[in-house]
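Novice: Those protein sequences? They're chains A and B, same order as listed.
Going by UniProt numbering, the final residue of the first sequence carries number 366, and the count climbs one at a time with no gaps.
Going by UniProt numbering, the final residue of the second sequence carries number 306, and the count climbs one at a time with no gaps.
Heads up, some of the hints might be wrong.
Stated by the list, open to error - Which chain B residues face chain A? A few, computed with CB under 7 Å, are given here:
{"hint": "1", "residue": "L102"}
{"hint": "2", "residue": "A237"}
{"hint": "3", "residue": "G262"}
{"hint": "4", "residue": "Q266"}
Keep in mind that the hints were calculated from the coordinates and are not lab data.
Please read all numbers here as calculations on a predicted model, not as lab measurements.
Every residue, glycine too, gets a C-beta built ideally from N, C-alpha and C.
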Amino acid sequence: MRIELVRRAEHSRLMVWASPLLAVAITLVIAVGIFAAMGADPLEALYIFFVEPLTAGWSLQELVVKAIPITLIAIGLSLCYMSNTWNIGAEGQFTAGAILGSLFPIVFPGWTGPLVLPAMLLFGILGGMLYAAIPALLKIRFGANEILTSLMLVYVAQLLLDWIVRGPWRNPDGYGFPESRVFDASAQMPLLVDGGRMHIGLVFVFVAVLVVWFTMGRTLTGFQIRVLGQAPRAGAFAGFSQNRMVLFTFLVSGGLAGLAGIMEVAGPIGQLRPSISPGYGFTAIIVAFLGRLHPVGILIAGFVLALTYLGGEAAQVALGMSDKVMRVFQGLLLFLVLACDTLIYYRVRLVRPVADPLGGAVHGRG
Amino acid sequence: MGAAEAILLTVVTAAVPLLLAAIGELVVERSGVLNLGVEGMMIMGAAGGFAAATLSGSPYIGIFGGLAAGIVMAALFAFVTLFLVANQVASGLALSLLGLGLSGIIGEPFVGTPGTKLPALAVPVLSDIPLVGKVLFAQDILVYAAAAITFGVWWFLYRTRGGLIVRAVGDNHGSAHALGYPVIRVRLLAILFGGACAGLAGAYLSLAYTPLWIENMTAGRGWIALALVVFASWLPARVVVGALLFGAVSILQFHAQAMGLGIPSQFLSSLPYLVTILVLVLISSNRSVLRVNTPASLGRPFVPDR
Numbered sequence: 001m002r003i004e005l006v007r008r009a010e011h012s013r014l015m016v017w018a019s020p021l022l023a024v025a026i027t028l029v030i031a032v033g034i035f036a037a038m039g040a041d042p043l044e045a046l047y048i049f050f051v052e053p054l055t056a057g058w059s060l061q062e063l064v065v066k067a068i069p070i071t072l073i074a075i076g077l078s079l080c081y082m083s084n085t086w087n088i089g090a091e092g093q094f095t096a097g098a099i100l101g102s103l104f105p106i107v108f109p110g111w112t113g114p115l116v117l118p119a120m121l122l123f124g125i126l127g128g129m130l131y132a133a134i135p136a137l138l139k140i141r142f143g144a145n146e147i148l149t150s151l152m153l154v155y156v157a158q159l160l161l162d163w164i165v166r167g168p169w170r171n172p173d174g175y176g177f178p179e180s181r182v183f184d185a186s187a188q189m190p191l192l193v194d195g196g197r198m199h200i201g202l203v204f205v206f207v208a209v210l211v212v213w214f215t216m217g218r219t220l221t222g223f224q225i226r227v228l229g230q231a232p233r234a235g236a237f238a239g240f241s242q243n244r245m246v247l248f249t250f251l252v253s254g255g256l257a258g259l260a261g262i263m264e265v266a267g268p269i270g271q272l273r274p275s276i277s278p279g280y281g282f283t284a285i286i287v288a289f290l291g292r293l294h295p296v297g298i299l300i301a302g303f304v305l306a307l308t309y310l311g312g313e314a315a316q317v318a319l320g321m322s323d324k325v326m327r328v329f330q331g332l333l334l335f336l337v338l339a340c341d342t343l344i345y346y347r348v349r350l351v352r353p354v355a356d357p358l359g360g361a362v363h364g365r366g
Numbered sequence: 001m002g003a004a005e006a007i008l009l010t011v012v013t014a015a016v017p018l019l020l021a022a023i024g025e026l027v028v029e030r031s032g033v034l035n036l037g038v039e040g041m042m043i044m045g046a047a048g049g050f051a052a053a054t055l056s057g058s059p060y061i062g063i064f065g066g067l068a069a070g071i072v073m074a075a076l077f078a079f080v081t082l083f084l085v086a087n088q089v090a091s092g093l094a095l096s097l098l099g100l101g102l103s104g105i106i107g108e109p110f111v112g113t114p115g116t117k118l119p120a121l122a123v124p125v126l127s128d129i130p131l132v133g134k135v136l137f138a139q140d141i142l143v144y145a146a147a148a149i150t151f152g153v154w155w156f157l158y159r160t161r162g163g164l165i166v167r168a169v170g171d172n173h174g175s176a177h178a179l180g181y182p183v184i185r186v187r188l189l190a191i192l193f194g195g196a197c198a199g200l201a202g203a204y205l206s207l208a209y210t211p212l213w214i215e216n217m218t219a220g221r222g223w224i225a226l227a228l229v230v231f232a233s234w235l236p237a238r239v240v241v242g243a244l245l246f247g248a249v250s251i252l253q254f255h256a257q258a259m260g261l262g263i264p265s266q267f268l269s270s271l272p273y274l275v276t277i278l279v280l281v282l283i284s285s286n287r288s289v290l291r292v293n294t295p296a297s298l299g300r301p302f303v304p305d306r
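All chains, full assembly: derive it from the sequences and hints.
Specialist: Structure, rendered in structure tokens:
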């Protein structure tokens with residue numbers, strides 16, 4: 001007896017919805033095992049990790065604060081992945097956006113007023129786009145693998161940030177701490193409600209979801225992305241340019257990552273520091289896949305992954321559990337999403353070996 | 001020990017983890033599978049190796065710990081990509097993310113624990129040769145293993161029937177299947193071999209290169225190893241050249257700092273990553289070389305028709 005995959009004649013509409021849920025469910029089951037192995041009461045740990053953050057007003061706000069960057073980045077990445085372009089350097093584009101957007105409040109701290117923040121956001125987007133253009137152009141011009149170049153640039157961006165906050169942009173009144181000056185109030189993201197850290201970045205997330213949803217469903221660009229992703233040869237015959245699509249998806253995803261970056265430093269952080277992200281750019285990859293590369297799905301998935309960040313912090317405080325547990329959950333979740341997606345296109349079947357009348361055992365057909 | 005000898009020695013030790021990880025990935029890619037999880041398998045090898053060495057007190061047991069950790073991670077990747085036909089690029093990324101998290105948990109009790117360094121095994125007489133004697137013949141067992149594995153991979157791929165089958169599977173899995181070769185089994189073994197090599201590379205980092213456990217101590221070496229395979233255009237001999245080149249670049253920062261050139265250390269630290277990009281650009285723009293050696297089925301999933 002063995003297990004075999006059989007291709008479905010048509011993909012399962014049920015599984016399109018059920019597979020991410022199944023992946024989350026299996027992750028929770030494994031989580032119970034991990035908690036038990038680490039010597040914690042599994043049910044208590046599950047509650048602290050996944051439920052308690054949803055019970056207080058301030059932690060709900062924190063959930064939104066964490067969901068904003070990862071959702072925004074994931075929306076952009078979904079365009080890349082749908083067109084079969086692999087930008088995995090969003091973390092670097094996030095950093096580049098944060099650096100370029102911080103130009104005004106750090107280099108020209110005297111400039112305050114209503115125009116500062118829009119200028120910062122614009123430069124943040126620009127920074128992310130320029131940084132994403134590097135792997136895109138290297139791919140188009142030289143055929144260099146964009147997976148590797150975009151990832152290498154993450155390390156470069158982080159080192160650049162480290163240098164700039166310890167060197168030229170260090171706060172002159174900061175007693176030598178490796179931090180930039182704190183941004184002026186007019187250079188910070190306005191809060192949605194008083195008290196807490198939830199900022200207007202949430203609005204940008206909703207706008208991005210709507211725009212991408214409309215683009216994918218109702219425009220030629222969206223059609224081109226899907227055709228080039230699923231059938232590149234058909235796309236080429238239809239006259240769609242693969243190169244232009246690589247550049248387009250990289251610029252969009254880089255711009256959104258850059259926007260997320262500047263909103264993070266102008267929002268919850270309020271200044272540049274050597275480390276500004278707990279891996280948002282990589283978590284966003286998981287968000288994109290858990291959300292099935294669909295804008296609405298990504299919105300939901302963004303909140304699920306944001307919960308793992310909060311739960312990780314809560315478990316660290318309440319149970320003294322390592323914050324790396326969260327990383328393990330995130331990695332597992334991506335694995336399980338990919339594994340469960342198999343059920344969309346394949347059925348799992350048990351096959352019994354049947355006796356062949358001509359001798360020897362063969363495997364049953366049909 | 002002269003300055004030239006010291007520099008050669010550091011170049012070789014910096015090259016060994018890259019060589020080990022890249023030669024394993026080369027076999028994986030030759031069988032038509034793209035495993036982007038090298039970084040994850042390598043960091044697990046480093047954590048598993050260090051944990052096993054510290055708990056048992058023997059760095060040799062540590063080597064087996066690293067080996068096992070790499071193989072387990074690779075098995076996970078193989079299950080998802082071969083049996084469940086999941087996207088290889090995304091699965092590889094998942095493997096890297098999972099490895100970075102899991103290694104953090106495994107390594108956490110060992111933060112700040114002094115490690116046990118693999119002893120150097122000097123070959124009598126040969127290690128007394130000036131300049132290259134110490135570099136080539138007074139190293140630890142993993143360095144010799146790296147050389148042996150590299151030669152073995154070359155010999156296997158180009159001098160044995162098994163190697164021919166691996167390359168056939170990587171170039172055209174449909175035809176290989178039609179000829180009766182077990183495509184899935186060949187790829188499974190290749191992936192496990194790649195995991196073993198990445199695990200050894202990680203173990204080398206935490207048992208010999210810097211005998212300590214430091215979180216994220218691979219620092220992108222797994223990704224550089226992936227780039228090395230492209231740089232080498234899937235040829236084992238060129239992997240050696242590439243690993244030495246990258247080893248030289250990555251130790252350049254220490255020597256430049258020692259000379260006091262006044263360049264910010266962050267710029268020197270970013271050199272290996274920038275050189276990787278540069279090398280990828282140079283090698284990729286020469287498409288005729290790549291076309292000859294790139295496994296034609298690389299990254300394409302295989303589902304046997306029954």
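Novice: Hint by hint, say whether it matches the structure.
Specialist: Status of the hints after comparison with the structure:
| no. | hint | result |
| --- | --- | --- |
| 1 | L102 | 5 Å, holds |
| 2 | A237 | 21 Å, violated |
| 3 | G262 | 12 Å, violated |
| 4 | Q266 | 4 Å, holds |
In this structure, the earlier hints numbered 2, 3 are contradicted, and the remaining ones agree with it.
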